[in-house]
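Protein chains in written order, with the UniProt record's numbering: chain S, 1 to 202; chain G, 1 to 202.
One should not assume that every hint holds.
As the list makes no split between identical chains, a pair holds if one copy fits it or if it spans any two.
Said to hold, decoys possible - As a list, the in silico DSS-like pairs of lysine-lysine whose alpha-carbon atoms are at most 25 Å apart:
1) K105 - K87
2) K123 - K183
3) K183 - K105
4) K123 - K87
By construction, these hints were calculated from the structure, which means they are not laboratory data.
2 protein chains.
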Amino acid sequence: MIRILLAEDQAVIRGALTALLGLEPDLEVVAAVESGAAAVASAAVELPDVAVLDIDMPGELDGLEAAARIGARVPSCRTLMLTGHGKPAHLKRALAARVGGFMLKTAPPEELAEAIRDVAAGKRVLDPSLAVTAWDLADNPLTPREADVLRLVADGLDAPDIAARLHLTAGTVRNYLTAIVTKLNARNRTDAVRLATEAGWI
Amino acid sequence: MIRILLAEDQAVIRGALTALLGLEPDLEVVAAVESGAAAVASAAVELPDVAVLDIDMPGELDGLEAAARIGARVPSCRTLMLTGHGKPAHLKRALAARVGGFMLKTAPPEELAEAIRDVAAGKRVLDPSLAVTAWDLADNPLTPREADVLRLVADGLDAPDIAARLHLTAGTVRNYLTAIVTKLNARNRTDAVRLATEAGWI
């Protein structure tokens, strides 16, 4: 029996998913909570096999932050993200949080049950409709340092501020920025921020 | 009408694909060749909209090399890779060659036709069954420099050789190697080469 913790803020969806998963003979929803913080607390008590977490939950912890904390505190519990959309930035954060899977709410119920079984077995699962998004993510042309610099541009810092923050000279930062704009085939820094954000690279 | 160049070394598959695509009212196979070199030559003459290229073809140019050359010489021609398996290394090379799409031969015929239409329209297409492979590829923890170093280890070079090749000190190379082994959670350098090769990161 695979023991499931479900976190979803919308009560109707939470109820529907609980009922749906309960129809599977090998799946059991041992807890159904409404926030990321409740999921972290519940995981520590229930020690579920798989935590199925909605990404967009209100409160201090969204689903991805909850996944990262559950991974750190309850290593035996694997995590499956469930979301309404596959934004590249979410997929990137899910990678960084080392989640076991990432499924869209548009997936057929039997695919969700199968994804839970795969994640419980230690496999990695990604919604097939996100194949191209994942491919684009893999196409990141920026070095980690260039991504750091561009992230600070996105935060509104100018070259001297970025230089101070990263302990570089302003000239070095400007060289990075020129390289970034060229690599991304962008019109300017602002355009580079837009392109890299859309692609999930920063 | 979408004009297609097909390159596939196995005559039976080449014939079957030509017949199959010919059934679609908006697709026309204008050339069907048996090698990468023939595909490059034919693309320059026929100026097709889409080149559908098998990856594993004998001869000097495999499908991915042919795709890169067609992309450089006939910019109006988009490329769709067709292969029997989705090795991470192939997917990575396909990204680097900036191909328009990557489909498995196991895909249903109607999905292949749809993929050709999407690629012709400038979209990117990836076989849904390769979603997890693409995700793993996006998870590359190595910096470009670390990947360079590890690729040379895979080529059989030791630290002093790598240092000479990359104009570094042997100590710096050894620091890179320690970082790589740690990042990949590998047992040793050989294990790191195996892990990174399987994941398509080098």
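Going down the list of hints, with the structure as the test:
no., hint, result
1, K105 - K87, "within (13 Å within a copy, 29 Å between copies)"
2, K123 - K183, "between (34 Å within a copy, 20 Å between copies)"
3, K183 - K105, "neither (35 Å within a copy, 33 Å between copies)"
4, K123 - K87, "both (22 Å within a copy, 17 Å between copies)"
Comparing the model with each earlier hint shows a violation of hint 3 alone; every other hint is respected.
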